[in-house]
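Residue numbers (my numbering): 1 to 291.
None of these hints come from the bench; they were simulated from the model. Accuracy of the hints is not assured; some may be wrong.
[To be verified] Listed below are the simulated SDA-like cross-link pairs for lysine to any residue, each with C-alpha atoms no more than 20 Å apart in a straight line:
| no. | residue 1 | residue 2 |
| --- | --- | --- |
| 1 | Lys144 | Asp92 |
| 2 | Lys84 | Val102 |
| 3 | Lys41 | Arg19 |
| 4 | Lys144 | Thr165 |
| 5 | Lys84 | Asp56 |
| 6 | Lys277 | Leu211 |
| 7 | Lys41 | Arg134 |
| 8 | Lys84 | Arg53 |
| 9 | Lys277 | Glu170 |
| 10 | Lys84 | Leu151 |
| 11 | Lys41 | Arg79 |
| 12 | Lys41 | Ala127 |
| 13 | Lys84 | Leu55 |
| 14 | Lys41 | Met94 |
| 15 | Lys277 | Ala183 |
| 16 | Lys144 | Pro247 |
| 17 | Lys277 | Asn203 |
| 18 | Lys277 | Glu202 |
| 19 | Lys84 | Ala127 |
| 20 | Lys41 | Tyr252 |
| 21 | Lys144 | Arg134 |
| 22 | Lys41 | Arg15 |
| 23 | Lys277 | Pro210 |
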Amino acid sequence: MKQTASGMPRRQLGRYLQRLRDEGNLSLNTVSDALDCTRQKIWRIEQGLGTVRPLDVQTLCDLYNAPPPLTAMLIDLARQGTAKGWWQAYDDIMPEWFEPYVVMESEAARIRFYDGELVHGLLQTPAYTAEVIRVGRPELTDEKRERRLRLRQRRQRLLRRRGVTAPSLEFVLSEAVLRRPLADHAAMVEQFRHLLRLSEQENISLRVLPLWAGPHAASVAGTFAVLDFPEPRLHEREPSVVYQEGPTGALYLDRPQELERYEAIWSGIAAVTLDEKESRQLIASFAGEAR
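Full structure from sequences and hints, please.
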């Protein structure tokens, strides 16, 4: 199903406005005073979170001395960004630092994932997700656990896109992930089978990094995702982003030297992973052993 969410216009608008603020050497305090709002609101605008009134964009462009053609373009982006994204229905359980990733994940043309600890969230069965949430966040109420599970399942609709809207999704899982069982053996078998089914999709590549590879390029990098975006019709292309998540926050890396480093890490990983056929065979063998 074609995505109509407004995250990309908001992200483009935020990036332009942050660039203009940086070029003018203006602090968040100065800008928030001019707009008569909080620093947090300016931060959210620059991160592409939430809607922005065209009048506020005009005020910011006047403050930044933006040329009229650019001002008109940014006001148009603000109008495009007024529709709510589906993810906003989960604001009650989604950390603010995670929302930009959900927006980008839903609009990327290509995403590459490396996971060394868990099956990636997009690939998890409901039972696997429920176990991860239970162990990782034992303090949550049953209601909030269920809401987190529903958010995960909503994100997984990305896997069902077809045609030109289907992103290219490339997953590399450490063999250690496959050897780390769930308490429920039947649920783990179903997770293996689910991985095998998904690996047959044309737009999904699933490879395993074997233990015999030893120390590798991602050994010091940890779990990460690299997101690449489609070529827009009117505006400049969104820069690629590397996403790394921790228990209390996340990193969004998009500077050229950072992207270059992670491209090298990805190439290093790819050089020692099993190919797709070998990976399916290994996963199938784990499914047989777990019965």
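Here is what the structure says about each hint:
The suggested pairing of lysine 144 with aspartate 92 holds, with an alpha-carbon distance near 9 Å, which does not exceed 20 Å. Between lysine 84 and valine 102 the alpha-carbon distance is near 13 Å, which keeps this suggested pair within the 20 Å criterion. Distance check on the hinted pair: lysine 41 and arginine 19 sit about 16 Å apart at the alpha-carbon level, within 20 Å; holds. Between the alpha carbons of lysine 144 and threonine 165 the distance comes to roughly 31 Å, so the proposed pair goes past 20 Å and is violated.
Our distance criterion of 20 Å between C-alpha atoms is met by lysine 84 and aspartate 56, whose separation comes to about 18 Å. Annotation: proposed proximity of lysine 277 to leucine 211 holds, straight-line Cα distance about 17 Å (limit 20 Å). Restraint check for lysine 41 and arginine 134: the C-alpha separation of about 33 Å exceeds 20 Å, so the hint is violated. Among the hinted pairs, lysine 84 with arginine 53 is consistent with the structure: their alpha-carbon atoms are about 13 Å apart, no more than 20 Å.
The suggested pairing of lysine 277 with glutamate 170 holds, with an alpha-carbon distance near 14 Å, which does not exceed 20 Å. The straight-line distance between the Cα atoms of lysine 84 and leucine 151 is roughly 16 Å, inside the 20 Å bound, and the hint therefore holds. With a C-alpha separation of about 18 Å, the suggested pairing of lysine 41 with arginine 79 holds against the 20 Å cut-off. With a C-alpha separation of about 38 Å, the suggested pair lysine 41 and alanine 127 falls outside the 20 Å cut-off, and the hint is violated.
Pair hint lysine 84 plus leucine 55 holds up; C-alpha atoms about 19 Å apart against a cutoff of 20 Å. The suggested pairing of lysine 41 with methionine 94 holds, with an alpha-carbon distance near 18 Å, which does not exceed 20 Å. With a C-alpha separation of about 28 Å, the suggested pair lysine 277 and alanine 183 falls outside the 20 Å cut-off, and the hint is violated. In summary, the hint linking lysine 144 to proline 247 is supported, as the alpha carbons are separated by about 17 Å, within the 20 Å threshold.
Of the supplied pair hints, the one linking lysine 277 and asparagine 203 holds, its CA atoms being roughly 15 Å apart against a limit of 20 Å. For a cut-off of 20 Å, the pair hint linking lysine 277 to glutamate 202 stands: about 13 Å separates their Cα positions. As the CA atoms of lysine 84 and alanine 127 are separated by approximately 30 Å, the hinted pair breaks the 20 Å bound. Among the hinted pairs, lysine 41 with tyrosine 252 is consistent with the structure: their alpha-carbon atoms are about 19 Å apart, no more than 20 Å.
About 11 Å separates the Cα atoms of lysine 144 and arginine 134, which keeps this hinted pair within 20 Å; it holds. Between lysine 41 and arginine 15 the alpha-carbon distance is near 15 Å, which keeps this suggested pair within the 20 Å criterion. In summary, the hint linking lysine 277 to proline 210 is supported, as the alpha carbons are separated by about 14 Å, within the 20 Å threshold.
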